[in-house]
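Protein chains: 6
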Amino acid sequence: MTQLIEYEDSSDEVRAVYDDIRATRKTDEINNFWKALANHPPTLQRTWQTVREVMTIPGEIDPLMRELIYIAVSVTNGCEYCIASHTSAAYAKGMSDNMFGELMAIVATANTTNRLANGYQIPVDEQFKT
Amino acid sequence: MTQLIEYEDSSDEVRAVYDDIRATRKTDEINNFWKALANHPPTLQRTWQTVREVMTIPGEIDPLMRELIYIAVSVTNGCEYCIASHTSAAYAKGMSDNMFGELMAIVATANTTNRLANGYQIPVDEQFKT
Amino acid sequence: MTQLIEYEDSSDEVRAVYDDIRATRKTDEINNFWKALANHPPTLQRTWQTVREVMTIPGEIDPLMRELIYIAVSVTNGCEYCIASHTSAAYAKGMSDNMFGELMAIVATANTTNRLANGYQIPVDEQFKT
Amino acid sequence: MTQLIEYEDSSDEVRAVYDDIRATRKTDEINNFWKALANHPPTLQRTWQTVREVMTIPGEIDPLMRELIYIAVSVTNGCEYCIASHTSAAYAKGMSDNMFGELMAIVATANTTNRLANGYQIPVDEQFKT
Amino acid sequence: MTQLIEYEDSSDEVRAVYDDIRATRKTDEINNFWKALANHPPTLQRTWQTVREVMTIPGEIDPLMRELIYIAVSVTNGCEYCIASHTSAAYAKGMSDNMFGELMAIVATANTTNRLANGYQIPVDEQFKT
Amino acid sequence: MTQLIEYEDSSDEVRAVYDDIRATRKTDEINNFWKALANHPPTLQRTWQTVREVMTIPGEIDPLMRELIYIAVSVTNGCEYCIASHTSAAYAKGMSDNMFGELMAIVATANTTNRLANGYQIPVDEQFKT
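Chains as they are written, first to last, in the UniProt record's numbering: chain A, 1 to 130; chain B, 1 to 130; chain C, 1 to 130; chain D, 1 to 130; chain E, 1 to 130; chain F, 1 to 130.
The set of hints was computed from the structure by calculation and includes no laboratory data.
Computed from a prediction, not measured in an experiment: that's the story for all the values here.
Heads up, some of the hints might be wrong.
One copy or two, either will do: identical chains are not told apart, so a pair holds if it fits within one copy or between any two.
[Stated by the list, open to error] Here are the simulated BS3-like cross-link-like pairs (lysine-lysine), alpha carbons at most 30 Å apart as the crow flies:
#, residue 1, residue 2
1, LYS26, LYS93
2, LYS93, LYS129
3, LYS26, LYS129
Chain A on its own, in the form it takes in the complex (with noise of 0.2 Å):
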């Protein structure tokens, strides 16, 4: 289990980090992912860079859909800790039970076409190269 380093106890890099993350998110609360990450400060800033330009900057994909997107991956890989975090993020966005139900109706049916194409060994149709 990783040390979770907490803000009082951050070093001034960390620290950084941890005050954007609050400034971002309007809140206090930095969840224990970061804390984390802060056992080594180049991972912790590029990875916040990283999920803040991804996940904030307005773009074409809306923030709910970007969260459903992030679930489908964590769900896939079975990532407990992103689940958790994610769909708390989602419903906090919007997400209704029903579109959370929808969502894992996709994820499951995805996950079987991939299986059923990989075992069937089932050629690229010509359509699809171009």
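Given chain A, work out where chains B, C, D, E and F should sit, using these hints.
Below, chains B, C, D, E and F alone, put in the same frame as chain A:
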């Protein structure tokens, strides 16, 4: 390599599914995935019924976003066939190159943080458990 | 691409394994998998010994079912080489097209329910813990 | 953590599935998997229908072997819930401890050779392509 | 949950492996992994022999780096037990916290670029094929 | 198949990254991975910055070992492109054929024990939790 069963050579049972695929998708084209599954009619029927329901019945997630989620899973699993076919489907439903880029960035980031959460053995925060 | 080491070009150490493969499988054919592993003789020896023991020593699971299990894993992992070689082996041991279809249906279903169990964060029932 | 929907609290739609699960399995017990899926009735119905068909309709693969294949997939994916529930189901259908040991050996070996085939970038033999 | 077979309760066959583990590792401690595998002695013997050869026979990759590679695989697969045990082993062999941080950064980055390569369907450069 | 953006056709934004790749790697060659990511400049920039930092900034893990770890992840995930490109990079940095063989043996073994730990549902030893 699996034998691909063409429309002309299909049994009544398979042809009924092919006809429904054509009607639902408004095209005569049947892609290789279904032609391969036709070797086992119960799997063809069940899989098509599931895909049709999950991907086309109106719900809270719009059709383009469903394709993005499908791609996210397929990319995470590394399923070449499904990546090619659903990327093609997403473009047909209006995905822009930029949106695809955003999608890839989210998928890449989630795959990164999934492993960091695993590796640092991070306990799930109490706030994410309710 | 790895160099494939042919029987004629093999060292004594590698040739001893090749001879055992030929004797065990009752064919002169050595497939590419072993010709590639021959680049690292300890891996060739260890892997062949394991595969021979696990797949051919008489036990409670019959040889054809062992191949089906091997395919199930390979399809889940998306290993093209292993899917092709073990599907071929299964047909040689008596798998019918219909049995392959049933196998794919089970693999597809398990991949679906694995993700639903992940996504819904379902606690293991007490009855399954004993 | 998903809310688990008990039989007593279920809607007519959900209860109909629960009743079919009870009748098919000849037990009043409904395990947590279904109680979680009940949060999204279409997913509950579709998943139960698929599992029932794939796991219980008579076919060429016997019921115990179907469970072994299910376990092989679940172990490869690392799905804790599915490993626990299907291992329990397999024991109920007559799996011996020794058979479980043989199964694990095959799953372990396939996971090994899948990676060796990937890593050595081994081309598929012509004989496996037909 | 598997029964763990203690040294005192082990058969001669299992005890011989336990003794070799103790001698090789210079400790009386047998960790749960081996106590679980002891339920199927052939798997215990084969797995221990493989782990001992692969992890302890002198070679070109030093013992600590072997542990880092082991962790990289285990983190990618999300195997909680193996992450915990091999992280512990790596610290015992001299891994620093900073080295662990560097390792996690590489694992995270590889998991990211693996998916970008999949998603963008990037053809392998000619220069990488020779 | 993604369009590959050549140096000559690149925007200023993309070209700045290409120039940094060339300078860092001391070669004019830009491999397909970057030419594909160039379709989404923010992903190109972020990914290159991460790869450069993680793989080239001096640290406690030497450059060749970083490549071995990269290969271990890519082989576990089955990413053909990344296996080919990083195996090539590792040979360029001094990997011997024998070292590659040792690496494959470790990756194969870890993939085996990961599944045995999953399948036997082995509880983490107390000694590994601190």
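Check each numbered hint from earlier against the structure, then list the numbers of those it violates in ascending order. Those not satisfied: there are none.
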